[in-house]
Structures are given as structure tokens and as C-alpha cells.
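Build the full structure now, drawing on both the sequences and the hints.
Protein chains: 2
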Amino acid sequence: MKHSIASVCLSGNLKQKIEAAAAAGFRGIEIFENDLLLYDASPAVVRRIAEDNNIDIIALQPFRDFECMPRQNMKKNYDRAERKFDTMAELNTDTLLICSNVSPACVDNPALAAEQFNRLADSAASRGIRLGYEALAWGRYTADFTAAWDIVKQADHPNLGIILDSFHIFARGRDLSAIAEIPGDKITLVQIADAPWLKLDVLQWSRHFRCFPGQGQFPVVEFMQEVAKTGYDGYVSHEIFNDEFRSTPTQDTALDGKRSLLWLENEMAGRAPDIVAPEIAEKAIAPPQASVSDVEFIEFATAGSARDTFLELISALGFQQTHQHKSKDVALFRCQNVNFILNQEPDSFAQNHFLVHGTSVCAVGYRTDNAQNMVSRASYFKYSRFETEARPQEMQIPGIRGMNGELVYFVESGSDHRRFYDVDFIPLETSAPVSKAAMRVDHITSGISESEFLSTSLFYRVLFALNVDQPQDLIDPYGLIVSRTATSQNKKIRLPFNMSRSGNSSTEQFRRRHGGSGVQHIAIHCDDMLTYIEHVDQKYILQIPENYYDDLEARFDLSPELSAKMRKYNLLYDESPTGYFIHCYTIDVNGLFFEIVQRHQYGNYGEANAHVRIAAQVTARQKNQN
Amino acid sequence: MKHSIASVCLSGNLKQKIEAAAAAGFRGIEIFENDLLLYDASPAVVRRIAEDNNIDIIALQPFRDFECMPRQNMKKNYDRAERKFDTMAELNTDTLLICSNVSPACVDNPALAAEQFNRLADSAASRGIRLGYEALAWGRYTADFTAAWDIVKQADHPNLGIILDSFHIFARGRDLSAIAEIPGDKITLVQIADAPWLKLDVLQWSRHFRCFPGQGQFPVVEFMQEVAKTGYDGYVSHEIFNDEFRSTPTQDTALDGKRSLLWLENEMAGRAPDIVAPEIAEKAIAPPQASVSDVEFIEFATAGSARDTFLELISALGFQQTHQHKSKDVALFRCQNVNFILNQEPDSFAQNHFLVHGTSVCAVGYRTDNAQNMVSRASYFKYSRFETEARPQEMQIPGIRGMNGELVYFVESGSDHRRFYDVDFIPLETSAPVSKAAMRVDHITSGISESEFLSTSLFYRVLFALNVDQPQDLIDPYGLIVSRTATSQNKKIRLPFNMSRSGNSSTEQFRRRHGGSGVQHIAIHCDDMLTYIEHVDQKYILQIPENYYDDLEARFDLSPELSAKMRKYNLLYDESPTGYFIHCYTIDVNGLFFEIVQRHQYGNYGEANAHVRIAAQVTARQKNQN
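These protein sequence lines map, in sequence, to chains P and A. If you're matching positions, the first sequence starts at 11 in this note's numbering and goes up one per residue. If you're matching positions, the second sequence starts at 11 in this note's numbering and goes up one per residue.
For the record, the hints were derived by calculation from the structure and aren't laboratory data. Among the clues, some could well be false.
Identical chains blur together in the list; that is why a pair holds if it fits in one copy or across any two.
DMTMM-like cross-link-like pairs, simulated, lysine to aspartate or glutamate; straight-line CA separation at most 20 angstroms [said to hold, decoys possible]:
1) K209 x D304
2) K196 x D166
3) K86 x D584
4) K86 x D560
5) K502 x E355
6) K501 x E92
7) K501 x D96
8) K86 x D561
9) K502 x E236
10) K85 x E563
11) K338 x E439
Now the structure itself:
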């Protein structure tokens, strides 16, 4: 697959866009005309910038409202096209994207359109230019790619082809199988975009919510498989209008675009190796996806008196130090199957993290069946390695830089890696656990900004094959929070991301206190929560208003015993069609808090109670201030 | 009209909501059940808070998914209602809002619903409680108020009525005239909400985009006129779910809510005095809307060397000092009909404004036919007066505190007020103007946050009767800007408000530099721009890339002379179906800049060129930094 990106996908000026696309590894760039217009140098200079960066200008786009206009407009339209051909010669690009007419003045006459395209293609041919006709989903008469293809067929000119844009095709809900009927050499260009499924005006949807393949919900792999059947071997080019991309550094977005196309061709090769074009099969060499099955440990950055406060909280939850690192100031705390590492090693990543963010999660270790594969896969997808310092005799845990400032480690199960606790750490004597109930990490919730979400979701999709659920609205007394969760197939890794729509919400307040995005809370699953909770000092548990329980009793058939227990221990409750959920929250340290949960055939996160939690936290904070 | 507000409209906890509603002058408040649930005190305490604040708890809401459930659920539903009746007794409220069932489990059986409501109303009656049934626009079988009314009619119980919510009725596009057929005493409550017209999933539309009457586009006055015909004389209560409201201080939102209802009843009384209920006609006593016909002057806060830079810029545009204030360090600069006041008076509002915002607009004076009416009207609508210090023999210009930190003055035309320049100022000798073309203020654009927009638009709607146009998207190289314009009927007052959707856009950068929201640019209309511009030193004009003109020539039939002139003087061009528009921008001082425009039967703002302007500003800023 030849990778390209349209300049409109990126922030900044045209030079910055070209340089970033080239640096990210794209071989081609489409010049969105506005970017040229806004740039303070001639097309010839732009051509030189592209040449200097070793990237092809594969097309100029878009040319609008050409076909089927009244006679008096058509002369102007042909002249206008000639001016664009001049610009294209200066730019050294041979392809012009023409999108279907949206003007109220145009008429519905495919035969006329074909005739006009034939005439324009003659002129284009004399200048070595190819035209591509693209159906906009809101085109006045040509809105489907099948209608555009009918016109291109009728025009029957070697310098005219069709341009396929996945967004317009999915937005119109059209059958993909018609794509395979188009000969590959009649496809001028393939533009690719993903998007979430939204019930929204299609123009708004297209202009603001497109995203890179792998960041949305469209079946983009299936789309590309149909394209592959045509024999098309030209560029596949991102065409993404996204407001968040325009507010993200150019280089970061370009890199995500590259990752997205690498992912896309690997998915294609993985799903149907027989139908992909030879070039795709050859280049699709990502190290295979290893299974990432669970959270192995969570590492915290803390120090000094902040550490004492934090220790007090996790001790109340039943955590005990079970190991001490042999050479570093690193301690392992355990509560059943939950491993917390407290890292106070001077000059370490953790201590730098602490200086910036205060007591916080600085790394998460995931259990995998092949840590080396995961690290190689991360490198293939251009994510950065992170090497820890290990002394001889100590183990090197493979790691990468994750999103939002944390590290991500891979701990191999069933190999030596699994036992790095035993190799690098000295076991300590411990007392009996407060509760024998099995415990494990249920979910890890981060507070991030909306502009970080697409990058973050791509990271977890591409590397971990996590799927992202539909957004949930959480009502905050001071604004709206939108929550989206990435989940592993086995449901053992659950990562909710909370994004604030307002500057005053609890999530934004957390991000301010935390000095950026990061883990806001860790939910621990307990198989016998009602017994366990009796052993936790209530002064560490978030207090829930009595009114909540009055309403709960009205809504659900709870036994008087359960109800009394919930009131006593500040437990929250939710039901789904298949099961129920009991949970509670701790007080916070530096905005970081814990949740204890018990699921019974229940797949959600107690979102229905999120507003209760947030309001109770506001109340607790106000009490602390008084 | 008896004014009420639902607690869900406001941010904060229930106590803060009740206090703010009472302070804003509401006589009633609906308790949204979640607000009670989240509040850490019993319903009896809430009742006392309301009593202490002299405000009635007019309803508890909502009671969900009651009617037409399977038999096994109905018993639970009756029990659940009894629990709510208990809570209502504690709260001392007599009305329960029941919204139509959305559960997939419910059945379509109006007769059964009527029977169940009759039974529940019997029980309610024994406790002095009234039930109100409300059709949610997304109710499973009852989605229209006409369907709800059929059930209420059939149930035929004195303790059961219908609740009308304007949002649900408008969202379903229903004919308002059916409202008048309902007897007023069968209407339990009227809930009111406005909203913009959006092509959006109705649930999302309702949950996030409702706003106070006067802030949206629904014909809310017509809705209330239909209600008035029924003889209904109960509470009219805001029911607004809006994310921005939740991130705005409680008291500010409550005040806007009060203004909105005052405006609504005045609009009703103004449009059809014969059909409004006596109470409304009697209380609708807002001082009449005076005509506000034009911008009279713009006052700038500046000082020291910043003043010199600013003076250099406006001098280049042809402004000359024509007057000096008799007793204050205040100068009047004029260019044809445009009056700029530069205020350096120590300890003045302007100088405080300068300390916070730098060189900036600190006041705008509007020409009106009755300044006293405007000030009284502002007071009636609870906006704050602002009194300037005037010495004997000097005139007092009536003023109020506007939105976004500026002052708003009213200058009476055709009276002494019109000539305050002559009374308070000493005329200076001036040289001949650079151009004889007529000039006037065309529009004043502010950069504000999205959360400020609703308050701002209410201010200009209620006081100035300005209308707000549909939003326009402006593409910024670093994010999206949404622009909405408030316009007077005579089109002489045009106030675009630019809101950034990202933290890096030019509008957000302006807001950061400016230290908050405020005027970002002033457009001056010139009747002979092509001659005028020859007299302006090009070093003060924003440079436009050549590529822009190449594209312009391809798109429009411009004469070679015009085209050459536009290139030479960095002019921009736009066309509409009826006319055309020529404009250019100056460099900025502290983020504040000017635009010179000439309209020819053209009603827009050159939005099509906004991205050219923004990119050129980014380029200029980068050049300055190098």
C-alpha cells in the first residue's frame, strides 16, 4: 500500500505539513487547495519543499461545482480548470480531484456530465493530467460512488477515473460489493477515513468527526478488501477533517496517520491474505499481536510525606509490603492478586514523574504471552521504547512510552519475566491478609482531554487490540464528562477514559491538580466485597448521602440486610438486564482514588452512579476546605 | 406568570441551587430527583432551606417508567410511587411529574395506562398530591402531548393532569393549536425550554442543547400564547439540561433564567395583550424597547507606550484627534462618522481595564432614541447600571455593565445627549481628511468562550432586540472557531461572536493575550474603499499570499484592474448571490485589529476568507518572532 495523506488532516502551514508527512514516512501528500492559498510562497516553492523532503505531491484537491452547470457558468468552469492545470504543472502533480457538484444551479443530467468530463479530460490529457471524480455524500445529484462510476464509464476517457472516499460511501450506507466491479485502473485515487457512527447531519459529521482508520467505527478493513479486489495499486490517502487534529502538533498527527495505515494493511493481510495486492502482503510485516491478558502491576510515583498519606490509604485497603527491591528504593505492595509498586528511586522516571504530577501512576505492567513481540510491535508502529536500568542479575522488563505520560511494561506469563518480583526483589515477612476474597484490577480510569482521545484509542487498538465502546455521558455538578472505555476481548483489561466538556468539571479539576492527563482512579474487583468491606476503616471510604439509599430502595428489590449493609458501608448499587454491581470509592490522595467493585454478570462501570460519586467528592472537598 | 425553575438547570448542590433561584426572584423551584439524592441532608432539611429562602418547592421530578409495564413490575411501581409520596410529604411539595414510559418492556395500551393513572391518582388524592403526566419526545408509545392528553382525559381524575414541556412539543414538530383545547385546570405544570434547531438525535438535542427562552430559536412566545388561551394560571418553570449551565456559576445562570421569563412575559404582552392572562398583563411592565440604531462611539483603554503604538495604527487609518475632554485625560479621534475615544484618565474604569487587558475596547456607545428607557429597561432585566463621574456642566452618559467586561453606553440621538462631544470636549484644529468617503462602524467582533455565548446572546436579545444568526464554522490552522452574529433589524449593529473549540486557535490565543473575552476586531465600512486604501500605508495592512489571488481570479470574473488593485493593497473578496464584498485587515496591537470593508448588496462577513485572515495573522506573528 502506498501511503499518502491530504494536507487538510494536519495543523500548521503547508511547509510544516509537508515536512511532518515526510518525516512520518508518507510517500505522498495531497495538497488541499486552501493550504496552498494560505501559504506565502509560490507553487514552485512548494514543489521544491516536497522534493527536498522526498515526498510526492500526488494530487491537488478539490475542484468544486464543475459539471452540469448552466451554459454561462460552464465556460468559466473550463477556464477555471485550465488555471488549476497551470498550478498543477508548477506543483508537479498529475492528479486533480473533482468533487460532485453541490450547487443549486446544476442540473440532473448524467449524459451531459459525461460529455463535459470527456471534454475536460481531453484538455487534461494534453498536459499529462488525470482527473478523478468523487461523489460527495451531499452532492446535489451525484451522491453515491455508483452514480459517479456511471458517469465516468459513460465519459470513457483514459484520463478520467473515479475517486473512492470511504467516508462518503459509509455515510450513504452503500453496499461495498459494488466497488469490486470497478477496474482498478479506473480508480484514480482511494481516500480513506474512519468515523464514529453518529446520528447527525452528514456535512457536520464529515467536517468535524472523521478520524484515522482504527480510531472510529467504520468497517474500513472491509472497504479496503473490496478495493484490493479491483487490482488498484495506487496511493491510499487519508482524507480527514477533524477539529482535534488541527489543534494537535503537526508531527504527532502525521505519526498517528502513518500508524493507522500500517495497522490497516496489517489487518487486511491478517484477515484475507489471498486477496490483498502483492505489495501489501509483502510489506505487512508487523510482529504478530501477542495476547495481552491482564494487568500485572501498577507502579506509583510518590515520595516523602505524600508517600505516608498514600501508604495509609492503601494499607487501609489491605495492601502490605511483601517485597523490597534488591538494589533500588522500590517496594512491592500486594493485596491478593493486585500488585502495587512504589518507586522512590532517586533520578528515576518515577521520581521525575512525581515532581511533575505528585503522587500518581507512573507505569502499568500488562501480562502478555510474548513480551518481545509486544515491544517489537510497538517499534514497528513507531511507538518509543523505554529501557529501564537493570544491574547484572536483575531482569529487564520490556517497556514502551505509553500515552498521557505513563510507561507501559510487558510482563511475560509462563516465563522468567513473570517472576521478576522473585528475581529482583527480596521477600519480606507479612501478616495474614485482612480478607481471603480474591482480588484483581478491574479497571483503570484516566482523565484525559478530548484532543488526546483519538491518539490514545489508536495506541490501545493497534498494540493491544482493545475495542472502544460507545461514549457514555457522566453528569457532573459542574459540567459534562464523556466517558469511553477500551476493553480487551477477555474483559480483563478495561480502560475507561473520562473527558471533560467543561473547564470546571471534576475531571478537569483532576487534570489541573495532576498537571496533565493520567490515571485518576483504579478499580479493584473483590469476589466477596460484603465481607471485605467490613475490614476497611470507613474513614477512608467516600461518604454517600442517605437520600441515595431511600431512592435505591424504591427502585430495586433489595433485601433489608443488603440495604442496611450498603448504607452502613457507603456502597453503591446498579443493575443491568443480566446482573448487578456493588461498588464504593475511597477518599483521594492528590486527586487519585480507588474503587472497590464486585460484578455479578454485569458488564458496565456503574455509570448510573457516577454523578453520586462526583457530587460526594465535591462535598468531601468542600468539607476539607472548611 | 408565576416563575419557577427546575433545579437541574443550575450548577452546584441543592442548597446552592435553591438559594440562587430565590435570590434571582423565582417563586418556585422543581426538585430534580438526582439533586436530592446527591444532597447530604434529609428532604425535611431541604424543605427548611426552601422555607428559609421563601421559595416554594413546586414539584418533585421525574418519576419514570410507570405506566403499562408487565404485571410483575406494576406492583413495584405502585410501591415506588408511595415511597416518592413519602419524600414529597417531607419536602412539602404537592406535585409529582411522571414522564412517559421509555422502557422496552412496556406495552402500547392507552386504556390500561388511563386505568393505572386513575388508581395511582386515587392514592395521591388521599395524600393531597397531584400527578402530572408528560410525554417525552422519545417516549416509547406516548411521545406527543396529544397522546398524553388522551390518556389523562380517559383517566378522568381530579388529581391527574398533563404537563406541557415546550421542548418535547417543538422537537416532535407538533401543531401548537391543539394546546388551546386542553382546559387550563387540567394542566398540572408548564415547563419551558428553548433550543437551537439542530439535525441531531432528539435525546442528545434535549440533554445538551436546551437553553432559556430567548437564547434559542424555538417560537416559545407562540407556545406560551397557546397556553394562555387555556386559562392556565400556574407556574411556568424552566426545564433546561445544558452542559454550559452546569459549568457557569449558579447565581449567574439563575439570573439569566429570571431575565428569560421576564422577557417571555413581556413579549407575550406586547404581541397579543388581549389573550394573556390578567396577571401577566399586569406584571408585564418592562420599560419599552427603545430603538437602538447605530454604534455612536467605541472607547479604548490604553496608556503609555502602548498608546503610541495604537495611535500610530489608527492614524494610519485616517483618524485624527478632533476633541479633548474639558476635565479628563480623554481624547476623541474621528474618521468621518467613526468616533474613537481614548481614555487615559487615572483611576477610571478604562485605566483599570487597561491594567487587566492591555490596549483594548473598554466601552461601546450605542445611539438610541431614548437613553433613559434603555437604562430603565436594563435595570428591569436585572442588568447593572454604571455611573460615570461627571463634573457640573458635563453630561452624564447613561451606561450599564455589558457582557465580557465592557461597558455599554446609550447616547440619545436628536437630544442634548447626542452632542456630549460638544458639551464635554474642546474642539481642536484638524487637517483635511485623507479620504472623503463616508465611513461608519460595520461590525464589532468579540472573542468569547462557548460558555459565555448564551448569556451574551440573551443580553443583546432582551435589551437590544438583536437577532442571532445561524452558526458559521471558521477554519483556523490550529482548530475550529464557531461564529455567531447578533444583528439589529436595520443591520447597522452587527456583533459577531467568535468561539473557539480548541485551546490553540487564534481566538483562544487572543483571549489568553487579552486576559479574557472581549472585542477582537472592529470593522469599518468605507463607501469608496478602493480610493481610501491608496492613502493607507501598507505596512499597517495584513499581507495576503499571492496564491490567494491566483485562486480568486480562477473563481471570479474580476476585471484586470480590480484584480491588480486587490493584489497591490492586500484586499480580500467575496460574493453572495446578491452582491459582493471587499475587505482588508490591519496588523494588530495587543491582539486587537481593524478591518476595512465595503459591502455591495452583501449581508455576510467574508467568512469565506476568515481562514485566509487567520493564516496570514499566524504568518505575521511568526515573522515578528524571528
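Against the structure, the hints:
{"no.": "1", "hint": "K209 x D304", "result": "neither (35 angstroms within a copy, 42 angstroms between copies)"}
{"no.": "2", "hint": "K196 x D166", "result": "within (10 angstroms within a copy, 70 angstroms between copies)"}
{"no.": "3", "hint": "K86 x D584", "result": "between (65 angstroms within a copy, 17 angstroms between copies)"}
{"no.": "4", "hint": "K86 x D560", "result": "between (73 angstroms within a copy, 15 angstroms between copies)"}
{"no.": "5", "hint": "K502 x E355", "result": "neither (30 angstroms within a copy, 68 angstroms between copies)"}
{"no.": "6", "hint": "K501 x E92", "result": "neither (58 angstroms within a copy, 40 angstroms between copies)"}
{"no.": "7", "hint": "K501 x D96", "result": "neither (57 angstroms within a copy, 42 angstroms between copies)"}
{"no.": "8", "hint": "K86 x D561", "result": "between (70 angstroms within a copy, 13 angstroms between copies)"}
{"no.": "9", "hint": "K502 x E236", "result": "neither (34 angstroms within a copy, 57 angstroms between copies)"}
{"no.": "10", "hint": "K85 x E563", "result": "between (75 angstroms within a copy, 14 angstroms between copies)"}
{"no.": "11", "hint": "K338 x E439", "result": "within (19 angstroms within a copy, 81 angstroms between copies)"}
Of the hints listed earlier, those the structure fails to meet are numbers 1, 5, 6, 7 and 9, in rising order.
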